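Participant: Letter by letter, the chains look like this.
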Amino acid sequence: MIKEASNEMPANGRHYWKSLDDLAETPGFKSWVEREFPEGASMLEGVERRGFMKVMAASFGLAGLGFTGCRRPEQAILPYGKSPEELIPGVPSYYATSMPTAHGFLPLIAESHQGRPTKIEGNPSYLPGGGSTDSFAQASVLDLYDPDRAQGSFRKEITNKGDESSVRWKKISSTDSLAELSKWAKEGKLAILADSSFSKIRGQLAKELKDKKVIWSEFEAIDLRQPEISLSRALDQEPLRAIPKLDKASRVISLDCDFLGNREPNSLANARAFMAGRKVLKPTDAKKMNRLYSVESDLTITGGVADHRLRLDSSNFSAFAALLLAEVLKCLESKDNELIEHLLKRGKPALSDLDWVKACVKDFCSKPKKSVVLAGSHLPQDVQLACLAINRALGAIGKTIDYLPSSGNNHTTLTELLAAVENREVESLVIIGGNPVYSVGSSVDWKAILKKAKNSARVGYSIDETSRECDLHIGQSHYLESWDLGTTWDETSTVPVQPLIAPLFDTKSDLECLLAILGSDKSPHDLVKSMHEEIARSGNSFDDFLRLGIHKNAEPTKIDDVDDREALLKTESDGESKSSSGKLDVLLIPDFHSWDGRYANNGWMQECPDPISKLTWDNALLISPVLGLELEKKYPGLKLLPKATMLNEKGEVAPDTAVFESGKQKAPVVKLSLSDDQFIEGPLYVQPGLADRTIVASLGMGRRTTGRVGQGTGYDAYPLLGKDGDRIIEGVTCEPTGEYKILANVQEHWSMEGRAIVREANAEEYAENESFAQKMGAESHSPAIWGNEQSKDLAHKAKTTPRGNSAYEHPDHTHEKSDAFGLHQWGMAIDLNQCTGCSSCVVACQSENNIPVAGKDQVLRGREMHWIRLDRYFSSTKRDGAEIPSDVQVSFQGVACMHCETAPCESVCPVNATVHDEEGMNAMAYNRCVGTRYCANNCPYKVRRFNFFDWNKRDTDELYQGPLGEKNDSLPAMGKNPDVTVRMRGVMEKCTYCVQRVQESKIRVKVKAQRAGKLAGKDGADLTLEESDLKVPDGTIRTACQQVCPTDAIAFGDLSDPTSEVSKWKSNPRDYSVLGYLNTRPRTTFLAKVRNPNKNMPLHVDEPHSSREYHDKAHPVHHEEGHEAESHDNESSEEKH
Amino acid sequence: MRNIFPRWVNTVPIKLIIALGMTGGVVVAGITYYATPKYTRVGYQPTQPVSYDHEFHAGQLGLDCRYCHHSVDKSASAGIPSANVCMSCHKTIKANSPLLEPVRASYYGEDTDRDGNLSDNEDVNGDGILNRPSIPWLRIHKTPDYVYFNHAIHVNRGVSCVECHGRIDQMEEVYHSKSLSMAFCLECHRKPHDALRPMSEVTNLSWVHPAAPNDESSSANPHADLGIKDKWGVHPPLSCTGCHR
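Quick note, the sequences are listed as chains A and B, same order.
Sequential numbering of the first sequence, starting at 1, is according to our numbering.
Sequential numbering of the second sequence, starting at 1, is according to our numbering.
One chain only, chain A, in its complex shape:
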């Protein structure tokens, strides 16, 4: 069915696309169909197209005026010529597929509206992921409709006009370009450079190609399989992949391993398993909580969850790991003194942290088989080895961590390949995926090398840095347009990549290119089918496989034991710590927004704030406050840190004009150089929680050739990348360039200032006092807002909105006088103890609710449009205000519209555009809104977003032109959710609790009840439906943020049903309302966070920093009972931003 529906699309799309009739006729559509791909900049400016558009728009306008008359314009409904089976117009269909990533294939369910994929969800049949996805998978659907993707095949033409040579890309048909590839293959001396893949089909084709004497090489700039290769080198055996089983672990120590965030492989499964061990619902659970120790140089979201965090410079990890291993061996009473001696010698540079290590080791040696050590994938061989040795010593192998033999990368290396090209052993080079010219770094002169090859072709998703150096660019199909089959990272499952749509443009998948090179006439679909037969044998049929989207592999063989002693003894001492020598370490991390650069042209990812730094549209060189101070002293004109006081004598905010511009902090641009020709330039950003002398730079931004979104965002850190993909760079010097850059930071303020916004306690306190959260915040000082109805149950409170002690009348939601009443009462609870801060919810919400991308310029003005924002707070023991703290605890809080019972926004709307509905939702009627923005002013949670411009209609650089501006490409409109209004300029919007999903479910339940009644032969007055027949069962409706959440931190449901998940959460004593004393009675409440620190650790504090801050401010030493509540109120009612 898919094949039929999709294959007809590109040629004669009209009759398949009921809502695309406009699209097919617009000049925008025509121009992107007909436009030849001009070279780089001119394409981006689109000068010719703009002129064309203006003329066309004018003529269309005139035509419209004259002839369509006063009635509305005629609109055609285009049904199928022959309707495909199973397709019901207006009802979305769902297909199982998967997304190829650098860490395996991610099993997905994709939603399709009449053939257009619009939303991605995780495949719940893949149990470790539990139906969750990461932000990249959520955003990948936008890539499909990226107007800047390569829309066919192009041949590079260089024309010389005098001195200047200009490059033009001439569009050719993809069939011709594939024919060319097969011609090259026949000529021989062909080499292929591909990105690494978990595709079984590609593996098979690669083997066949190698048999045909084709050189096959794989290259990944950020290679997540590096640890496997390191282990194989160290132990001189096959590569071993570590698969942690965190659900079995109660003590985890992470060595710079961001296993909860997207830097490390399989983060969804890891986050899900690990956070399940932190779920506390009753005080007795506190004892069962797992504990996380994190040693890191950057502050990651894993470090944010950690109960104990140690900041360590990147170059010290080898020593630290050795010390840790030595202490573990000692603690476990190992008799191998020679090894311990050797390790202690190697661990010398880390001795300053010995107390920390000892206390930590003692803790996890008390539960040896329930502990596990994880190392970041960028860490060197000896750390990986030490990590394996610790796990082995603890007896964790097979219990809390599995080591699977993996194939590793046994192909020709990039260096060998380049040498072969250099020696003219290769005549034709085909580069598939990846982007080596951008990501290999400056060590290779690609221009010269590719000149040596007679032919060069590039198979890529868009014209990028690598394409520019090749003669031929073949547009690559999106994964939602192609067939493939591969495995997940943990090798437990084989998953298909199933197309939901035929290629929108004349593009080919990587497999099709390889098949052309092989001269095979098979299609990728045939290969997938035969491969499945081979794998499944007597198992599921191919159709079932595609329906379920997953095939469970046979249990892979696991390694029980490894002899690591010899290898450990061989590791050499690093000598003294290098970071004391005045030079700095640089840690290169994959960027949050673009990973290694592959997602750089995705507006959703670019605008999704980095969870820790909260930067959008940019990456920065993150430095610690200590280093910041040092640089400030060294270069007095740097203007890195704002002056200590930001308030003047009158108490007004008086920003330091030298440091701030338009209210935003200016970031000084510095040059980090390793040598004269190896340097990067980027803006400095002081970040609490970083290791003192490590600068964190992210790879993947600062793309030179990409689409309109990714171009010019951030800086490129690849020039610093080590030759073997080494991501810890030592001995870097830093000097200011004298320039400044404004960074679009969505949350510059990082402290809660002692307000009880995120409420936290340590496990011990929680075990004694489970309702600690109730005693915090100003509402514990204010009169009880529920008055004498305090003790009534949730359903009663939700349905009747008792007046309590309020002086004002409260709205009556029972609608007793009218006919309407609320069968359900919707509410949400967010468990702050489960939230890791991964930000997938932000992107999922954007995708589900048609939220526009505002662009950096508008984000700088505070006009970002996200309906859910993830507030990040730092808290520390040092609270003197002047100094930015180094050791911080991180708290995250997702904030969306709270759907207040007594909503402040509703009472100020002059046109009743925002009102309550009978089921307790705070509704927003866009068509009624006149844009006064009073509601946003009056909202204490600052969750309302205003459409200052027609974001959906116009490009971000055309916004200020108003109606005269050029209209957007209409391609992205195809990805919009048809069940949600696309808002226009001048209206307010905000979280709706995914009302479209709620209504759909309600309708489905009612239709089902009616039909069941009719089937039973009852109709008219004979049929009686009870409330229970019409109520949506709990768990049916999942909001977009809830569905995507890997850790199930969000519950949504019916408050009037005491057995619903959300009611249970809300009856938990940890549940509290943010700013509850305002008597807004939000329907979204939070479950307080519980940390689980180890008492015996150095610098242990009895309560979380934020609670201490709160208690110090709420009850200062000279505090007298009863007087403080008032002043506290004033302070807390400040806007949160």
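Incorrect hints may appear among the rest.
[To be verified] To give an idea of the interface, some chain B residues facing chain A are shown, with a C-beta separation under 7 Å as derived from the structure:
id, residue
1, Leu20
2, Gly21
3, Gly79
4, Arg132
5, Pro136
6, Arg139
[What the hints assert, rightly or not] Over the 12 Å line for every Cβ pair with chain B, so calculated as not near, a few chain A residues:
id, residue
7, Ser406
8, Asp917
9, Glu918
Calculated directly from the structure, the hints in this document are not laboratory data.
Remember, predicted model here, so these are calculated numbers, not experimental data.
The beta-carbon is built from N, C-alpha and C at its ideal position, and this holds for glycine as well.
Following the hints, put chain B in place on chain A, whose structure we already have.
Facilitator: Relative to the frame of chain A, chain B by itself:
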């Protein structure tokens, strides 16, 4: 100096005010009366590409609405039948009628010799797939983009097609018969019992309540409350979220 302005000028301001007031009044009255969906929409009757006669098919032949609009009880949209639905009868009945040529063109598509096979010279774009052009039916009933009307819930809960579309079974060429304005929707959402009927009678456009006077010209409520509303627990949403998402 003599008076510059003649005497009649004295009354000009008052006349002007009266004239402007009257013009304004007429404009306002005109807009409130005519620029409403009741006047802008009702009666809209475009000429369709195929002169399908609802009066004949649905009225005389008694074809059920759902035979062609088959997604009406499953989906938000009622669905316009694809050409194969028409052809299931018209392959044999009036198989060569020139009036049905657009339907045949849509059904056979690129298969120009209509033998059921796509030969190479027929395959215009060379994709090996039989492409079929759509019949461009003109949309008559349309809600604005921010209104999410769902056919399935109305039809299954006993609201007949006739409530919004009128007596389609008496229309040779379909026209817009009810205003479909927000007031129109709300009227029914406030008093649903007037519109509810047994599910089996939903597509019976000529149905009258057994208790009602058997006289269609009567302005009295044609089908008084059958008690369905309470028995089925029908509480149509009256707040924004019901229709606006």
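Participant: Which hints, by number, does the structure contradict?
Facilitator: 1, 2, 8 and 9
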